[in-house]
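First to last, the protein sequences are chains E and X.
To convert, note that position 191 of the first sequence is 176 in the numbering used here; the numbers rise steadily by one, no gaps.
If you want the numbering used here, it's the position in the second sequence, counting the first as 1, plus 13.
There may be inaccurate statements among the hints.
As the list claims (entries may be wrong) - Now the in silico label distances, taken between C-beta atoms and shown as ranges:
| no. | chain 1 | residue 1 | chain 2 | residue 2 | range |
| --- | --- | --- | --- | --- | --- |
| 1 | X | L15 | E | G359 | 34 to 40 angstroms |
| 2 | X | T200 | E | E370 | 57 to 63 angstroms |
| 3 | X | A77 | E | T144 | 33 to 39 angstroms |
| 4 | X | E413 | E | E302 | 40 to 46 angstroms |
| 5 | E | T(-10) | X | Q75 | 20 to 26 angstroms |
| 6 | E | E62 | X | A77 | 53 to 59 angstroms |
| 7 | E | T144 | X | H176 | 36 to 42 angstroms |
| 8 | E | V52 | X | L15 | 44 to 50 angstroms |
| 9 | X | A424 | E | D4 | 19 to 25 angstroms |
| 10 | E | A58 | X | G19 | 30 to 36 angstroms |
| 11 | E | I349 | X | G19 | 40 to 46 angstroms |
| 12 | X | E349 | E | T144 | 54 to 60 angstroms |
Worth flagging that the hints you see were computed from the coordinates, not collected in a lab.
For glycine and all other residues, C-beta sits at the position ideal for the given N, C-alpha and C.
As a plain string of letters, each chain reads:
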Amino acid sequence: MPIPTSFEFECPVKTHCGDRALENIPFEMRAMNATKPLIIGDEPATQEKRLGPVLDAFKNADMTLGVVEAIPAEAPESVAAQLAAIYRDKDCDAIVAVGQGPFIDMAKWLNLMVSTGEENPEAFIEGKGIPRTLKPLAIIPSATADGLELSGYVRIQDTTLRSVNLMPPLLFLDRRAVGQPGDIALAETGLTALTLALEAMFTADANPLDVVYARTAAKLAAMGLNGLAAGSESEGPLALTVAHGAALAGCTLGAGPRPPAYKLGWAVAETGKISAAQAMGVMLSYVLEHRLAANGMPADMLLELLDGAGCYARTPEGQRGASGFHLLRDLLNRLFETTDGKIRRTLRDSGLSLQDVTDATDGIDAPGEGIAPGGQEAIIRCAWEGRPIR
Amino acid sequence: MLHIPGYYEYCCRVNVVAGHDGLEKIPALLERVQAARPLIVTDRGVAGAGLIDVVTAALGNQVAIGGVEDDVPQDSSLEAVQRIAEAYRANGCDAIIAVGGGSVLDTAKGANIMVSEETDDLMAFSGVGKLKRRLKPLIAIPTTAGTGSETTLVAVIKDHARHQKMPFVSYFLLPDAAVLDPRMTLTLPPAITAATAMDALTHAVEAYTCLAKNPLSDGNAVSAIELIARNLMTVMQQPDNRDGRLALAVAATLAGMAFSNAMVGMVHNIGHATGAVCGVPHGTCMAILLPYGLEYNQHRNGHLTAELLFHLEGAEVYAHTPRDQRAAQVIAHIREMNQSLHAITQGQHARCLRETYDRDGNRAVPFERLPEISAAAKNDPAILLNPEDLDDEDYMMVLEHAWDGSPLNRADIAEFEKKVCA
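The whole structure should be built from the sequences, with the hints applied where relevant.
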């Protein structure tokens, strides 16, 4: 892969992953000069008792903890304001957030509020005014992730903020905290991670440092999805593998623009007939196929990412790209089979008409880099039918 | 293949700015960290090569430089750190730009501790995790493509009065930004280009094949290996090839990220000792010793070495090499690289310890000093994460072969394996 003549890379996230990862939280807090963390957990984390091991990790830490459990998903802005009051009242100096998706957005927004004193998100539009150093924030994500947890995105009050400075400095991935989301939710997390990672990998301006995160995230997501498709238990190691991939996929996105398949997936999900993760999972191969052809880029590395160097090397050069796309679509087909059709292979499988999909995606101002004029229609039609673009 | 250990940590918080216009991005980087008056820290070699002029020309009128301190010694010292901290304060600076290699960067980090913590007692911050807050902005501009020191969280400062080397370890010591610009390495002599690139290759290979590897450090390592494999010989033949120089600079940073997070093994262990006892440059030691480290460890991690063939020589060679011969092919290929570099540099790039010479033209590593190197290696901590142990006999066996350039006798290693099993 050629190197761009000019690029920039930044990933402030420190990753702790694996056995007893949670036990490192107090050390990392202390290293950042924090001794009074506010530990917050969303409803699923609380119901599944995933906060217990986090609190246990502090047993001998000699730190004062604030703990707020079962935080609801509704009204995140007012919840954040209430938590900010608790943070200040109890003189906290860091946040440990256990949860997923929009809850993590709320935690990042809370951290921005307590770090700056500003309570209006619009003050930070386009990343302006977000300080380089915020209060310490540790994220403990679950295996039910939307892929943005470790990114520089914060969605709050109909406002989306993005800045590298919003990427959490600490990530802890531990089997005890990722939860047991079940096959469908886990597959959806994996599809989101795979989409973000592969779209980051196959862009014209991908640089070698971004690619390190992207290819690792893609391999983890593919490993998890292949495990699910093969009928492996969705709990334990597989859940951690998928959560791992999703977290690194968020790092890959950073504060960059959301890529085409990811954006189209969210637009199609507005119909209410398919989840965003499944919609982007269906559209991924078609977006990549269109984009690589439009940019004149080879798709060969897709094969190496999905099936390893051995398979890549023994496949003749002229067949590698097609084999990669075949594997990607076959993965979705096998998930369809394993989940009794709950994971869709095509947009048509979800009961949507082609017109429904066209209407849902019509409002997207610009689908993203590498989509040629008319390309979006072709992608949608092929993803609806389940027919390769070429 | 993805190797996921039971537990790992990975961190590299350095903002990497790379490109043919990398230096021109420095004003924006300074603005981002709210700094306007940087102190430039470098050594006489870098300044003498005109590289500070290149940096200041790129900064133009956009940045008011607070001063240039160009007398960092080869071994970073407490005196140099104090002198630079004084210059920083006297000139009202608010950031440091370190232009050079490991010693310059270590000195700059030491001075940064003093000015950020407003202390004259640097020793109070020696050790692991003593720093508790962000320091003043530090921008690193490497002038070789090898050490990867721009990605490390360590500084080592020598206190000559006490004959001590003081280590400082903290994530707050990571530079805020590393600027990789091929103009900084365009004038590197061929032998130094070769040795530093082989240093980077060794960082990547040891990070991938030793015990603390993880999926992200593996990703760094294989990307670095691919870039070096595709660009080193081009740059050796066309030293002013800017794209190739940029690729090598990026490779060195990737390799630095790999070994900062996965550590190294016996190649560094013996290399450190060889450098300390006989003064052989680090990159030269790495180039010579890398095939021996892989050969020695092959019964433990040959499957990992074999995987590197894909990245080092590409898919076709990988596919056509029988599975059980891939590790040996990697080792053979690295020896071929050394051979080619030796030829291109007209013998300046040493293939074995016997071919290394000091500044006076004397043999740098006399055969009779090998026991001293062996003794020094036993006390070097880089061996901790090597896949296989080494005793006195093993060290001497490796050193004797590395001295005359002959491959290790696999039967000897097998004997050792049996000894361990027994």
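Comparing the hints with the structure gives:
1. In this structure, L15/X and G359/E meet the distance hint of 34 to 40 angstroms, their C-beta atoms being roughly 38 angstroms apart.
2. Judged by the Cβ atoms, the range 57 to 63 angstroms given for T200/X and E370/E holds: they are separated by roughly 59 angstroms.
3. Distance hint check: the CB atoms of A77/X and T144/E are about 37 angstroms apart, consistent with the given range 33 to 39 angstroms.
4. Between E413/X and E302/E the Cβ separation comes to about 44 angstroms, which falls inside the hinted range of 40 to 46 angstroms.
5. Here the CB-CB span from T(-10)/E to Q75/X is close to 21 angstroms, well matched to the stated 20 to 26 angstroms.
6. Between E62/E and A77/X the beta carbon distance is about 43 angstroms. The supplied range of 53 to 59 angstroms is therefore violated.
7. For the hinted restraint 36 to 42 angstroms between T144/E and H176/X, the CB-CB distance of approximately 59 angstroms leaves it violated.
8. The hinted range of 44 to 50 angstroms is not satisfied by V52/E and L15/X, whose Cβ atoms lie roughly 36 angstroms apart.
9. Here the CB-CB span from A424/X to D4/E is close to 39 angstroms, at odds with the stated 19 to 25 angstroms.
10. Distance hint check for A58/E and G19/X: the Cβ-Cβ separation is about 33 angstroms, which falls inside the suggested range of 30 to 36 angstroms.
11. Roughly 43 angstroms separates the CB atoms of I349/E and G19/X, a value that falls within the hinted 40 to 46 angstroms.
12. Between E349/X and T144/E the beta carbon distance is about 58 angstroms. The supplied range of 54 to 60 angstroms therefore holds.
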